[in-house]
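There are 2 protein chains.
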Amino acid sequence: MQSSVFLRRRKTRQVKVGDVLIGGDAPITVQTMTKTKTEDIDATVAQIYEVTKARCDIVRVAVPNEKAARSLGEIRRQIQIPLVADIHFNAKFALIAIEQGVDKLRLNPGNIRDESKVRNICAAAKERGIPIRIGVNAGSLDPDIKEKFGLTPEALVESAKKELRWFEKAKFEDVVVSLKASDPLTCIKAYELFSQQFDFPLHLGITEAGLPRDGTVRSAMGMGVMLYQGIGDTLRVSLTGDPVEEVEVGWAILEAFGLRQRGPKIIACPSCGRADIDIIALAEKVKERTKHLTKNIQIAVMGCEVNGPGEAKAADVGLSGGKHCGLITLNGEIIKKVPEEEMLDALLAQIEALPAP
Amino acid sequence: MQSSVFLRRRKTRQVKVGDVLIGGDAPITVQTMTKTKTEDIDATVAQIYEVTKARCDIVRVAVPNEKAARSLGEIRRQIQIPLVADIHFNAKFALIAIEQGVDKLRLNPGNIRDESKVRNICAAAKERGIPIRIGVNAGSLDPDIKEKFGLTPEALVESAKKELRWFEKAKFEDVVVSLKASDPLTCIKAYELFSQQFDFPLHLGITEAGLPRDGTVRSAMGMGVMLYQGIGDTLRVSLTGDPVEEVEVGWAILEAFGLRQRGPKIIACPSCGRADIDIIALAEKVKERTKHLTKNIQIAVMGCEVNGPGEAKAADVGLSGGKHCGLITLNGEIIKKVPEEEMLDALLAQIEALPAP
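Residue numbers (this note's numbering), protein chains in the order written: chain P, 1 to 357; chain Y, 1 to 357.
If you're looking for bench data, these hints aren't it; they were derived computationally from the structure.
Here the structure is a predicted model, which means the values were calculated and not measured.
You may find that some hints are simply not true.
If several chains are the same, the list does not tell them apart, and a pair holds so long as it fits within one copy or across any two.
Heads up, simulated DSSO-like pairs for lysine-lysine below, C-alpha to C-alpha not over 30 Å straight-line [as the list claims (entries may be wrong)]:
1) K67 / K337
2) K295 / K146
3) K117 / K53
4) K323 / K117
Build out the structure end to end from the sequences listed, making use of the hints.
This is the structure we're talking about:
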């Protein structure tokens, strides 16, 4: 079904990462991070190619050593999406990354705690016109802040504020902020607190979310609560798994609240003792056979007469199962009854014939 | 990390389903629905056994025909958790289900639209002391209500209200309500509206959520927003997939917000170019080797020195990877440095030795 409910986004400033905008009225972007050794340029570029195919908007790579930093220019030349360098302890790597032409930096204020180093990085980034994300993380807080505030939402916000004061003194305004924690509630409260006080664009993420199922749930819940309040301009789902899966989950999160759509949306019933057709297998096949489509349509795959006709009619095209047969619906009207073995092809034919809305 | 943020639940009445409580201060329960033909008693009982092992609290079965209705007594005798009969078009099946001794009924007000039938069901349920869920679903709304309100949150609430008036006239108060839609935003708004007006316990669900990844995301986002507001007394995740997975996701949702815990919680980093150990494989192994435990402990599995030591110390027991080695932490202190090949066993030994908190 189409939603009659629309979310209002909080107003934030806008920054430019390569040719991708973050904040303001720009679409909320999906990011991920490579899991290869960055200095292994071929492996890193290959992984970035995979996530680009999955429609990742911006990609980040770890820069833990000078060799990784010096690989960034070559990586950037070989890829199609903006590249972000993730910097922790060593300010020198940030300066090299900027020289190498990256499109954005991420700095962890818990790990670079020297104002003069931050000032140098800001000056170099400003000269090249690239933005910096202040990426606070509960797992690597400034010890003084942790001592004073504990592992709380306030501590995360305080860490960002301290860094922002340095950025302000350096007259650097091209800032994105994140306030990640592995506990979704701590994370949500930190973003709420911060967004009441500042209009910098926000990068959402639940850090160390965990293995795919738990990580997906924690990320979807945490980001869901924030997006529902209009908070969030870009996001990265962290999973202990494939970065392509991080991108897929990121898109699923945006699509669930109608914030962005990447192609067909499939509504499928969970199946139960009422179903006379194998809905689970059928829905999987429809998903597989339509994943190349870029049309933003809704497809319903339903098992029985309880919610089947209703959901099928509310979708652009639908299939509602019966006893060894299926009803095909198009724009709310039943147009055809077909035997079970022809259902999939009949549905796909209707989907193919449908113009993009 | 432990959360410093706690959610307050809205106050609701309490009902009893077998020996399981829903509402009031009872823990939020996890439900699922079987996908077998209910009248195939062996298959249905076998599936209920699987979901019971996964700690499902309450199970529902479809009752689309008289044979299914007459199988309920035998199914109930063979299982350990409360049994709910899902009734749509035929009031007679509801009466048979009650006679058969089910612990709760679910009625779809969009599909039984005759007040006298509802009155008879209420009388029989009251005599046996079993509660009824008024299960509104956007896919099967009363046509008059759909005509007047469209597919909106207001339509879902109006459908529940109409049914509640009939229940009130029948002096039946043992009610649970659900207001499901496949669109998470419509669903959230309906529950928000309803819970501002009534204190009946609420059963949460995003209907026809879809294939496992999308369905998990839609359910976690929808339920996440509601639980964050203190709404929800029991839940069922609908996935086009295995009911055991529905139970796993349901638990993951409750655990993510600290509302209930079923055993060890694993915090794992997503891995990146910094990691010198294979975090993904290691976290999977830790998950597999600890899934039998009932201790509510936190385990951190981290790849490098950025957030590793911080997260590991914030967990009850942790492993933080380095170059071919790992640091084992216990209650915030590093207690051991072990070579990579001994890491998993050393971590598991610490987990085993830990008392339940």
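Hints, one by one, checked against the model:
Proximity of K67 and K337 under a CA criterion of 30 Å is satisfied inter-copy only: 28 Å between copies versus 63 Å inside one chain copy. Within a single copy, K295 and K146 get their C-alpha atoms only as close as 48 Å, which misses the 30 Å cut-off; across copies the closest is 28 Å, which meets it. For the homomeric pair K117 and K53, neither the shortest alpha-carbon distance inside one copy (37 Å) nor that between copies (55 Å) is at most 30 Å. In this assembly of identical chains, K323 and K117 lie within 30 Å of each other by CA distance solely across copies; the values are 27 Å between and 71 Å within a copy.
Checked against the numbered hints given earlier, the structure breaks only hint 3 and satisfies all the rest.
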